[in-house]
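Peer 1: Sequence:
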Amino acid sequence: MAAAVAGVPFMSPEQGRTVYEHVRATRPAEVLELGTAHGVGAAYLAAGLEANGAGTLVTVDFQGARYDPAPETILARAGLAGRAEVVRAVLEGIAHRGADLLDAAEADGQLRVETLRVDGGMSANEVFVQALADACARPVELSPVTEATTLGAAFLAGAAVGTWSFDDLSQLWNPRTVVEPRRVTDRDRWRDAKSRALGQVPELSALDF
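94 is the number of the first residue of the sequence shown in this note's numbering; add one for each residue after it.
Among the hints, a few may not be true.
Here are the in silico distance ranges between beta carbons for each label pair [stated by the list, open to error]:
#1 261 - 288: 44 to 54 Å
#2 288 - 243: 35 to 45 Å
#3 252 - 197: 33 to 43 Å
It is worth saying that the hints were derived from the structure and are not from the lab. Idealized CB from N, CA, C, for every residue including glycine.
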């Protein structure tokens, strides 16, 4: 039974230690965090996996709409802030959210997107890009320009005044690298975990994007 902090279910340090020791003893290859302790359980799980030197944590705890509004009650109180496995769990959770958006776009557009093209700061993170390719089961092409929004706006402006055509612009794409999927992810497990996490804090779960 989790304790309560400001009306929010919370895992006590003693409970967290039990979770940590169980992971250390069983040495699982993969742990699925259902997101019921608002980040604290994931932190202890990640610490156990890191101490084991192997294992993957999949969590929905760190999506903003499921997140305790006081971060210090999530990681700082657990004493596990900055753990590498927690960071990886966050990146993989974002990648699965990206796959959710791809699924929605394909359903709305009645078409299949064969390749993803990405830019922005996250595209510089190799772990995230690989997780995105795996979650989407699509190749991911990385833009040669990390922050391409301004460049894209310039291209659109030039096309609007007839400086070049969209056919001309399509020939300019030259990704700096292509990341292929390496493993099959269980998207059904992700959807089940996400649905279980909903409603833990109704006021937060009502938010979405």
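Peer 1: Hints first: check each against the structure and report whether it holds.
Peer 2: Checked hints:
no., hint, result
1, 261 - 288: 44 to 54 Å, "holds (46 Å)"
2, 288 - 243: 35 to 45 Å, "holds (39 Å)"
3, 252 - 197: 33 to 43 Å, "violated (28 Å)"
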